[in-house]
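For reference, the chains in residue letters:
2 protein chains.
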Amino acid sequence: MKDFKNQNNRIPQDYFFEGSEKLMEIWFKADHHNSDLRSIPRNSIVEILDKVNCQIISQLSNDFMDSYVLSESSLFISRHRIILKTCGTTFLLNALKPFLEYAKLLGFSEYQIFYSRRRFEYPACQPLAHQDFYAEIDHFDNLINVKGNAYTFGRLNDECWNLYVTEKPMMPERWDQTFEMIMMDLDLEKMRNFYRINSRDGADATRKSGIDKLFPGAVIDDFLFEPCGYSMNGLIDEDKYLTIHITPEKGFSYVSFETNYAVKDYIELIKKLLDMFGPMKFLFSLISEECSQISDGHRKLSKAYSFRNGYMRKDWQRCVVSDLDLTFAYFVCNPG
Amino acid sequence: MKDFKNQNNRIPQDYFFEGSEKLMEIWFKADHHNSDLRSIPRNSIVEILDKVNCQIISQLSNDFMDSYVLSESSLFISRHRIILKTCGTTFLLNALKPFLEYAKLLGFSEYQIFYSRRRFEYPACQPLAHQDFYAEIDHFDNLINVKGNAYTFGRLNDECWNLYVTEKPMMPERWDQTFEMIMMDLDLEKMRNFYRINSRDGADATRKSGIDKLFPGAVIDDFLFEPCGYSMNGLIDEDKYLTIHITPEKGFSYVSFETNYAVKDYIELIKKLLDMFGPMKFLFSLISEECSQISDGHRKLSKAYSFRNGYMRKDWQRCVVSDLDLTFAYFVCNPG
Numbered sequence: 006m007k008d009f010k011n012q013n014n015r016i017p018q019d020y021f022f023e024g025s026e027k028l029m030e031i032w033f034k035a036d037h038h039n040s041d042l043r044s045i046p047r048n049s050i051v052e053i054l055d056k057v058n059c060q061i062i063s064q065l066s067n068d069f070m071d072s073y074v075l076s077e078s079s080l081f082i083s084r085h086r087i088i089l090k091t092c093g094t095t096f097l098l099n100a101l102k103p104f105l106e107y108a109k110l111l112g113f114s115e116y117q118i119f120y121s122r123r124r125f126e127y128p129a130c131q132p133l134a135h136q137d138f139y140a141e142i143d144h145f146d147n148l149i150n151v152k153g154n155a156y157t158f159g160r161l162n163d164e165c166w167n168l169y170v171t172e173k174p175m176m177p178e179r180w181d182q183t184f185e186m187i188m189m190d191l192d193l194e195k196m197r198n199f200y201r202i203n204s205r206d207g208a209d210a211t212r213k214s215g216i217d218k219l220f221p222g223a224v225i226d227d228f229l230f231e232p233c234g235y236s237m238n239g240l241i242d243e244d245k246y247l248t249i250h251i252t253p254e255k256g257f258s259y260v261s262f263e264t265n266y267a268v269k270d271y272i273e274l275i276k277k278l279l280d281m282f283g284p285m286k287f288l289f290s291l292i293s294e295e296c297s298q299i300s301d302g303h304r305k306l307s308k309a310y311s312f313r314n315g316y317m318r319k320d321w322q323r324c325v326v327s328d329l330d331l332t333f334a335y336f337v338c339n340p341g
Numbered sequence: 006m007k008d009f010k011n012q013n014n015r016i017p018q019d020y021f022f023e024g025s026e027k028l029m030e031i032w033f034k035a036d037h038h039n040s041d042l043r044s045i046p047r048n049s050i051v052e053i054l055d056k057v058n059c060q061i062i063s064q065l066s067n068d069f070m071d072s073y074v075l076s077e078s079s080l081f082i083s084r085h086r087i088i089l090k091t092c093g094t095t096f097l098l099n100a101l102k103p104f105l106e107y108a109k110l111l112g113f114s115e116y117q118i119f120y121s122r123r124r125f126e127y128p129a130c131q132p133l134a135h136q137d138f139y140a141e142i143d144h145f146d147n148l149i150n151v152k153g154n155a156y157t158f159g160r161l162n163d164e165c166w167n168l169y170v171t172e173k174p175m176m177p178e179r180w181d182q183t184f185e186m187i188m189m190d191l192d193l194e195k196m197r198n199f200y201r202i203n204s205r206d207g208a209d210a211t212r213k214s215g216i217d218k219l220f221p222g223a224v225i226d227d228f229l230f231e232p233c234g235y236s237m238n239g240l241i242d243e244d245k246y247l248t249i250h251i252t253p254e255k256g257f258s259y260v261s262f263e264t265n266y267a268v269k270d271y272i273e274l275i276k277k278l279l280d281m282f283g284p285m286k287f288l289f290s291l292i293s294e295e296c297s298q299i300s301d302g303h304r305k306l307s308k309a310y311s312f313r314n315g316y317m318r319k320d321w322q323r324c325v326v327s328d329l330d331l332t333f334a335y336f337v338c339n340p341g
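If you read the protein sequences in the order shown, they are chains A and B.
With positions in the first sequence counted from 1, the corresponding number in this note's numbering is that position plus 5.
With positions in the second sequence counted from 1, the corresponding number in this note's numbering is that position plus 5.
Worth double-checking, as some hints may not be accurate.
Which copy is meant is left open, so a pair is good if it fits within one copy or across any two.
Straight-line distance between alpha carbons at most 35 Å, and here's what the computed DSBU-like set of lysine-lysine pairs gives [stated by the list, open to error]: (1) K34 - K319; (2) K109 - K173; (3) K152 - K195; (4) K277 - K308; (5) K305 - K286; (6) K255 - K152; (7) K276 - K152; (8) K173 - K255; (9) K269 - K173; (10) K319 - K276; (11) K269 - K308; (12) K102 - K319; (13) K245 - K218; (14) K269 - K319; (15) K152 - K277; (16) K109 - K245; (17) K213 - K195; (18) K319 - K109.
Quick caveat, the hints were computed from the structure, so don't treat them as lab data.
From just these sequences and the hints, can you work out the full model?
Written out as structure tokens, the structure reads:
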């Protein structure tokens, strides 16, 4: 941890890919009962994503949601909600203004923004506005008129996760929750499935890894990159999704899992993900609204001090911040 | 919250005093059973405090502790522990190296450091090494060989409280806990007691404000500054202390309360302090070791959503970080 500040200016010496995603979720309040964010035309979405520096790879829709697998992660658009998650060195914040402007045209003038991300391995490789969390906060402050609150969970000088959330406008109650698990330094044997040389396509990798069994009813849109790397969006039920993104390479392997489904037992889900990917380190966050069905989930997660195979909890934070219930935890595997 | 980054470069336009203290607590592990930090000679303590930019105003001792009221806050030295708390624009970190060197001479080669502080109103007025939390972390990283973990509780872009704690060496278990309550924007009527024009001396201010009734058995060393401002150290029992520091002036009024006494009911204590000082905003932190007697205190504090007179909880964080139990909360008074 010497020269912590200088670490932020490091540049990778060899090939490197930043798996850590920027994640923005915007909930809109409709001025008219027939407003629908899914009426943003596809070519406008493509233009917005151009500014972020990513492209649509495939699309999947149900009656509640349009889901897009992107060249760098995922986009979900439902009637009142946009979720954009992008990895690498994408400029996610470039999507903020055009999405807000489009939403306004469609009759959504009020909104609540959630923005979160794990620390970057190489912040200096990011667009300037993403190089540190304070720069990101400033970007929001300059673009929007609502107050946002910024938090960092975990260790500022080691593993940590940032959250920025704006004050909630008067809007209908949401029975919502988001669980995200971020895994680092993975079992390279298990990562083999996510190389083109070992799996035929996305569907093949999904089956081989067992991802298809996580939410058996989910409709899955998956993609296997050349020569390696994997993305999937799954539509579970109504506006409930899961999404998984995998950077399998040694030295910077990374897996993220995210779902807004009200999972009955998050401990069981975590165990499944640990068995599936075998990380040496992982962190998770569970955010829920007051009226979410999973409030008991926070209590149960508070008792998870360890997991089999030597995972020990390093940090645990249970919070009510900006009227949200939140649990953050960070685990490290001590083998032997 | 516009231009958050620029706010950090602000300079006060009128007279201002930074009440927010830097607080460092170091626990030492003795190499020999007769090592005692209280054998640091007084003239050496004076020299160390010179580097911090503060002076001893008075001293009070019992069989367990030497307590010093300083020109800027307080110092407590017991056999294995040093607590230094300094406000204003003092350079607290300058005391780290000389204290560690002295401790080593006396037979203490291992230690655990706790460093914490609220955000500053005017960071740009502080010594360079204290201007932001990352600079403080770097200062520790450059001076010591043990790993430290850094956390920020509350809102990075508004009210927050920073904690840096080094990994605990193998040392005897501690039944210890520290409760700190930091109050801002106080009732100016109640602040009148802490002006020389209204109170004769420290003892007079202590009685008038009711501070003498907080811990009835405590032996008190109090001081009333000219023209205003108040500091007190109280020795409760063995190595248990309380300390209160008051900046009463309108525009930047500030009160801090701290004790390591295992308080039976922290909610009652908070109510007493609110009645005594009438802040518009306050935050508190409770840190305890695993074997502290007050583990139930965290649970009780988690249920305090509000206090009478309109105090509403804005943020609450209950954590286990670096093997410490910690509760942080921030309240704001919404009058009417």
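Right, here's what the structure says about each hint:
no. : hint        : result
1   : K34 - K319  : between (39 Å within a copy, 23 Å between copies)
2   : K109 - K173 : within (17 Å within a copy, 54 Å between copies)
3   : K152 - K195 : between (43 Å within a copy, 32 Å between copies)
4   : K277 - K308 : both (18 Å within a copy, 34 Å between copies)
5   : K305 - K286 : both (20 Å within a copy, 32 Å between copies)
6   : K255 - K152 : between (41 Å within a copy, 26 Å between copies)
7   : K276 - K152 : between (38 Å within a copy, 30 Å between copies)
8   : K173 - K255 : between (41 Å within a copy, 33 Å between copies)
9   : K269 - K173 : within (27 Å within a copy, 37 Å between copies)
10  : K319 - K276 : both (17 Å within a copy, 34 Å between copies)
11  : K269 - K308 : both (16 Å within a copy, 25 Å between copies)
12  : K102 - K319 : between (38 Å within a copy, 28 Å between copies)
13  : K245 - K218 : within (16 Å within a copy, 57 Å between copies)
14  : K269 - K319 : both (25 Å within a copy, 29 Å between copies)
15  : K152 - K277 : between (38 Å within a copy, 33 Å between copies)
16  : K109 - K245 : within (25 Å within a copy, 59 Å between copies)
17  : K213 - K195 : within (10 Å within a copy, 70 Å between copies)
18  : K319 - K109 : between (43 Å within a copy, 30 Å between copies)
Against the hints set out earlier in the document, no violation occurs for any number.
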